[in-house]
Amino acid sequence: MANIIKKGILSKGLRLPENKISESIPIRKLAIPEKVLILLQQHFGEPCNPIVARGDKVKTGQIIADSEKLFSSPLHSTISGTVTSVTKTLNPFANNIVSAVEITGDGEDNWIDLKPEPGVKNICDKLNEIYSDCLDKTQGKPLDLNESKGNSGELKNLWDMLKKAIEEIPNEELIKRIKNAGIVGLGGATFPTHVKLATTKKIDTLILNGCECEPFITADHRIMLEYGWQVLAGAYIIFKVISPEFVYIAIEDNKRDAIALFAKLIEDSGLGQKFRVVSLKSRYPMGAEKILIKNVIGKKVPVGKLPMDIGVVVNNVGTSKAVFDSLSTGTPLVEKVVTVTGDVEKPQNFLVRIGTPVKDMLSCCGELNTGKTKIIMGGPMMGNAIADLSFPITKAVSCILLKHFENIQEGNCIRCGRCVNICPMNLMPLIYAAYAKNSKYEVLPDYHINTCIECGSCAYVCPAGIPIVAYIKTAKSVLVGYGK
Amino acid sequence: MENKKHNNEQEIKNKDAKNVAFNNINNSDINISSENKKMDISSDDKKTDKISESKKTEKPNKSSFIGKEALLISHSPHIWSGFSTSKIMYIFLISLIFPTASAIYFFGLKALWIIIASTASAVLTEFIIKKARKKKFVMDGSAMITGLLLALTLPPRTPIWMVVIGSVFSIAIAKEAFGGIGYNIFNPALAGRAFIAICFPVEMTSWYLPWDFSVDAVTSATPLSESFVQEGSKAALYKDMFFGNIGGSIGETSAFLLLLAFVFLVIFKIIDWKVPLIYIGTVAIFSLIWKEDVLFQVLAGGLIFGAIFMATDYVTTPVTSLGRAIFALGCGLITFVIRKFGAMPEGVCFSILIMNGFTPLIDRYVLPKPFGFIKEKSKAKAKS
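These protein sequence lines are chains A and B, in that order.
Mapping to our numbering: the first sequence position 229 is 229, numbers consecutive.
Mapping to our numbering: the second sequence position 365 is 365, numbers consecutive.
Note that these hints are calculated values from the structure, not bench results.
Small disclaimer: the values here were computed from a predicted structure and weren't measured.
All C-beta atoms, glycine included, are put in the ideal place defined by N, C-alpha and C.
Each hint should be verified, as a subset may be incorrect.
Unchecked claim - Beta-carbon label-pair distances, calculated as ranges:
id	chain 1	residue 1	chain 2	residue 2	range
1	A	P92	B	L93	42 to 50 Å
2	B	M344	A	E442	17 to 25 Å
3	B	L288	A	F44	56 to 64 Å
4	A	N96	B	L322	52 to 60 Å
5	B	K340	A	F246	56 to 64 Å
6	A	E442	B	C199	56 to 64 Å
7	B	F268	A	G366	35 to 43 Å
8	B	E292	A	F246	55 to 63 Å
9	B	I267	A	T87	53 to 61 Å
10	A	A31	B	F268	19 to 27 Å
Unchecked claim - Cross-link-like lysine-lysine pairs, in silico, DSS-like; alpha carbons within 30 Å at most:
id	chain 1	residue 1	chain 2	residue 2
11	B	K369	A	K440
12	B	K291	B	K274
13	A	K35	A	K59
14	A	K294	B	K87
15	A	K281	B	K87
16	A	K264	A	K164
17	B	K369	A	K12
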C-alpha cells in the first residue's frame with residue numbers, strides 16, 4: 001500500500017530469537033485486585049507527594065499523589081476502596097526507597113465522575129462499533145481488512161468529524177488533560193508526555209513507536225491490533241498539539257498484520273498526506289528511541305540531548321492510546337497492557353490496573369514450572385528480575401517473563417570484538433567490564449560510559465559470558481556517587 | 001568489597017513467595033515491607049575469586065533450597081547467545097584440519113609426529129600450570145590451537161624435543177606467564193616459533209621437499225631463499241605453490257587448502273575477512289611497487305597461513321574494525337620490508353609479533369565514535 005515505507009537497517013542490530021508466543025492471544029481484563037500498591041515515583045522526574053492519608057476513602061481514578069514540579073506526573077487510585085497505609089518501600093530497580101500508597105479495595109470499582117470531551121465521545125462510540133467488528137476476538141487476528149463493516153464513506157465522515165472535534169479543543173486544554181491523566185511514556189522510559197508536548201521547540205517529525213524489539217513481549221502488538229484506531233486518533237491529538245510535518249508509525253516487519261492494519265486505518269481516516277507507516281527490519285534494539293530515530297529519518301540525536309532538540313518526538317503506541325482515552329472517555333492512566341509469558345502454561349496479555357501485585361497475574365496463567373525460575377519484570381534483554389512476588393505493576397512494566405535460570409560461567413575476555421561490533425551506540429563495552437572489574441571507575445567517563453543505553457546486546461553476544469551490563473550498571477552508579 | 005558488587009547472581013530465598021503466588025492468591029495478609037525483611041539474601045559468587053572461595057565454606061545451609069523454592073535474580077540480559085569461547089575455539093580447530101591434512105599429505109608421518117607432540121605438550125603444559133597456579137583447568141581448546149598452530153609453522157624435520165621446547169615456551173611463557181587466555185600480548189604460537197628459530201637457527205631453516213622421506217635427504221631452499229633455483233616453467237611453479245607441492249613449513253604450503261579454511265572461518269563468523277585481505281593485499285601492492293613477482297610473493301612462505309590464522313587472533317590484535325585494518329596494514333608492510341631488505345628470507349612471523357606489540361597502542365587511540373557524538377565535537381570546535 002502507498003502508506004507503507006520500507007526501511008533498511010541504518011544502525012547496528014542484533015538478531016534475536018523472537019519467541020513471541022503470546023502474539024495471537026487477545027488482551028484479557030484481569031479481575032480487579034483486592035489490594036494495590038502504588039509507588040509514588042512511576043515516572044522519570046520528581047517523585048509525587050501523597051495527598052491522601054490512611055483511612056481515606058478513594059474512588060477509581062481519583063488523584064492520590066501529585067507534585068508541583070514540571071517534570072512530574074500525578075498518580076491516580078486504580079481501584080476504589082480505603083487507603084490502608086502510606087508507607088515507604090524498596091524500589092529494587094531504581095535502587096532507592098520510595099513512598100507508596102496501599103489501597104484495599106471494596107470490590108465495587110466506583111469511578112470518579114469522568115469528564116470526557118462531549119464532542120469526541122459520541123463519534124468515538126460509533127467508530128468503536130465499526131472497528132470492533134474488524135477483529136476476530138477468539139483468534140486474536142484482524143479480519144480481512146478490505147471487508148470492513150460500514151461503507152467507507154461513512155467511515156471517512158466519522159473520521160472527519162473526529163478530527164474536527166479534536167481540532168476545536170485548544171492545545172493548552174489538551175496538554176492539561178494529558179497531564180491530569182498522569183500519562184507518561186509507556187515504552188519503559190516513563191518520560192512525562194505533557195512535558196514532551198509542551199515543548200516550545202520546532203518539531204518536524206512525530207514517530208509512533210510500535211517496534212517492540214525485545215523478544216517475548218507482545219503488549220504493544222496487541223494494543224496495535226485491538227486498539228488500532230484509538231492509537232491513530234491519539235497520534236492525531238499529539239499531531240494537533242505539536243504540529244509536525246510528518247508522522248511515522250514505526251513497526252517492525254515481524255508484525256505484518258499491524259503494518260497492514262495501520263495502512264488501512266490511515267486510508268480510512270484520510271490522513272494519508274501526513275501519516276505514514278514505516279516497516280522496519282526486526283533487529284534489536286530497534287525500539288530504543290535514538291536507534292529508532294536514526295532508522296526512520298536518518299538523524300542522530302547528539303549525546304546528552306533529547307530527541308526534541310533535533311525536532312523529533314517519539315511516543316509509544318500505548319501512550320498514544322492513553323492520550324486518546326483521556327479525551328474520549330476521560331479516564332486517567334490506571335490500566336496497562338502487560339504480557340505474561342515465558343515458561344508458563346498459558347501465556348497471556350492482560351489489561352491490568354497499575355499497582356496490581358505480580359502474583360495476581362501469575363495465578364491466571366496456569367501451572368507454573370517450579371525449580372530454578374527467574375521472574376523478570378520487563379523483557380529478557382533489559383528487564384529486572386524480581387525477588388518478591390508481591391511487587392506491584394508500575395507504569396514502566398509491559399511484561400512479566402518467567403525464565404528458567406541458566407548459569408553462565410564467566411570467563412576471561414578474549415577480546416574478540418563482538419561487543420564492539422554489536423554495540424548500537426558504538427561504544428567499547430569490553431573496556432567498561434575490564435576497568436569496572438579492577439574498580440577503576442574514574443576513567444570510564446572518558447570512554448563515554450554514560451552514552452550506554454544498557455540494551456544488553458554486548459552481554460548477549462559475549463562468548464566469555466561476561467555480565468558486561470552488570471559491570472556497566474555498577475560503574476554508572478559508582479560514578480553517580482562520585483558526582484561525575 | 002568490589003567483588004560483592006559484582007555478584008551477578010543472587011539467590012534469594014523467599015519462604016512464602018511461591019506458595020503465595022501459586023496456591024494462595026487470596027491471602028492478602030502479606031505486607032510487602034515485612035516480606036522484604038524476611039528474605040534471606042545470600043550471594044553465590046561463581047567467579048573464582050578469593051572472596052568467593054572463602055565464602056564457599058559457609059555454603060551448606062544454602063544449597064538445601066536451591067531448585068526448590070528459590071526465586072533467582074540476576075542482572076539483565078536474561079538470555080545468552082550460547083556462542084561461547086570454547087565453541088569459537090573448536091570451530092577454529094576444525095578449520096585447522098585443512099592445513100593439517102596438507103601437512104600430513106605432503107610431509108608424511110614425520111609431520112604427524114610433530115603435530116601430535118606439539119599439541120599434546122601444549123595441553124599438558126597448560127594443565128600443569130593451571131594446577132600450579134591453583135586455577136581451574138578448562139578444556140576450551142585454546143591450548144590445542146596454540147600447539148597445532150606452532151606445529152604447522154615448523155619445518156618438516158624439526159626434532160621432536162625441539163618441538164616440545166617450542167610448545168612449552170608458547171604456553172608457559174608467552175601465554176600463562178601473562179595471565180592465561182585473554183591476557184597474552186604476543187601470539188603464543190608465533191612466540192614459541194620465534195624462540196626456537198632464534199635458539200636453533202640451523203634446524204629451523206632446513207627445508208625439505210614434499211614426499212622426500214629418505215634418511216639422507218638433501219635440504220632444499222624454500223621459494224623465498226636466495227639459493228632457490230627455479231625449475232620448469234613459471235606456470236608450473238605457481239601451480240605447485242598453489243596446491244602445496246613445494247618446500248616450506250609443514251602447514252603453510254598449500255594455498256588452496258588454506259583458502260578453504262579461510263572461507264570456512266568467514267562463514268562461521270569467527271574471523272574478520274578484511275584482515276587477511278588487507279594483509280595479503282599490502283604485501284602484493286608493495287611487491288608491485290618494487291617490481292617483484294606479485295603472485296610469487298603472495299603464494300610463497302607463510303604469508304597466507306599467517307594472515308588467516310595468526311593476524312586474526314582475537315587476543316593479540318586490536319578489537320575495533322579500523323584498528324584491525326591498521327594492524328593488518330602494518331603486518332603487510334613489515335613482512336615486505338623483512339623479505340625485501342632483511343637478513344631473513346621470511347618475515348611473516350616477526351611482522352605479526354612486532355604488530356602484536358603495537359596492539360595496545362592501536363587500541364588506545366583507535367576508538368569508535370559513540371553514536372551521536374559527531375555533532376558535539378563540531379560544536380566544541382565552533383566554540384573555540
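Take a look at whether the Cβ-Cβ distance between K340 (chain B) and F246 (chain A) falls inside 56 to 64 Å. 60 Å, holds
K291 (chain B) and K274 (chain B) were given as a pair; does the straight-line alpha-carbon distance stay at or below 30 Å? With a Cα-Cα distance of about 25 Å, the restraint between K291 (chain B) and K274 (chain B) holds, given a limit of 30 Å.
Could you say whether the range 17 to 25 Å given as a hint is met by the Cβ separation of M344 (chain B) and E442 (chain A)? 46 Å, violated
Hinted pair, alpha-carbon criterion (30 Å max): K294 (chain A), K87 (chain B). Please report holds or violated. 34 Å, violated
Does K440 (chain A) sit within 30 Å of K369 (chain B), going by the straight-line distance between their CA atoms? 22 Å, holds
Is the hinted pair K369 (chain B) and K12 (chain A) satisfied, with a Cα-Cα distance of at most 30 Å? 13 Å, holds
Run the distance test for K264 (chain A) versus K164 (chain A): straight-line Cα separation, threshold 30 Å. Judged against 30 Å, a Cα distance of about 21 Å means the pair holds.
Beta-carbon spacing of L288 (chain B) to F44 (chain A) - inside the hinted bounds 56 to 64 Å or not: 60 Å, holds
Could you tell me whether the CB distance from E292 (chain B) to F246 (chain A) stays inside 55 to 63 Å? Cβ of E292 (chain B) to Cβ of F246 (chain A): about 58 Å, so the range 55 to 63 Å holds.
Quick check on a hinted range of 53 to 61 Å for I267 (chain B) and T87 (chain A), using CB atoms only. 59 Å, holds
Note whether the CB distance of P92 (chain A) and L93 (chain B) lies within 42 to 50 Å or breaks it. 44 Å, holds
Keeping to a limit of 30 Å between CA atoms, is the pair of K281 (chain A) and K87 (chain B) held or broken? This hinted pair holds, its Cα atoms lying about 29 Å apart.
Hint compliance for this structure: hints 2, 4, 6, 10, 14 are not met, and every other hint is.
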